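Peer 1: Sequence:
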Amino acid sequence: MESRNNSFLDLSVTTLLLVTLFVMARQGTSTELGDAHGLARSNELLKCETALGVKCGDNIYQSVFEFGKEVSEECCTRLLTVGKDCHDLLTEVTIVYKRLPRKDAKEIRNKNDKVWDQCKNSGTAQIPERSNELLKCENGLGKKCGHSIYQHVFESGNGVSKECCSRLTTVGKDCHDLLTEVTVVYKRLTIKQAKEVWNKNDIVWEYCKTTDEVSL
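Numbering (mature numbering (1 follows the signal peptide of the UniProt record, and there is no 0)), first residue to last: -25 to -1, 1 to 191.
Since the hints were derived computationally from the structure, they do not count as laboratory data.
Since the structure is predicted, the reported quantities are computational estimates derived from the model, not experimental observations.
By construction, the Cβ of each residue, glycine as well, lies at the ideal position given by its N, Cα and C atoms.
Below 27 Å or equal to it, Euclidean Cα-Cα: the simulated DSS-like pairs (lysine-lysine) are:
hint, residue 1, residue 2
1, Lys89, Lys44
2, Lys184, Lys137
3, Lys162, Lys148
4, Lys89, Lys30
Have a look at the derived ranges for each label pair, beta carbon to beta carbon:
hint, residue 1, residue 2, range
5, Lys78, Glu108, 42 to 48 Å
6, Asp92, Lys162, 22 to 28 Å
7, Trp173, Thr145, 17 to 23 Å
8, Lys30, His122, 33 to 39 Å
Take these sequences, add in the hints, and give me the full structure.
Peer 2: Okay, here's the thing in structure tokens:
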């Protein structure tokens, strides 16, 4: 029940943020507010929030806007994955929402850059593309089959061969999902695009699983 209440609270805060920015932009209070309104209306903001997740979003928010503890290794990894543009966007929208004076906004932007640099130079956080788990999945599929499955999931592929299906079922569903998830985040797909990709991701898996069982 608590989890549902938190989700509702997060949704309410986000809705309030978008409505507030919409009203301020409609009133034409400033070019900056208008720009922020345009950003908030786009899917980009939601993609950034979703990629960071509630826990890491809160961790980074505290580090930038409050006297929170340093960003964890896990959250630094997520931050480096979504990228500097997302990091800056979330900060800028929050600055506008809080209506911070110019001096305070400047300090926040400095902290924003400091958090990014700390994560980038920490030496412990790893972008998923470089993680051992991901490399293991990529090596298990191989270049040819990895490309074939990528095309079928993200583009209009011509189907997956029995050989590549066998490789896919060998590395497992977790690897299949991991490769798709990292690519969805890297490509910064819209929610609609991501939903279509995940549907194709599952279709490919079920097809390969059946094909592999039949071949056995």
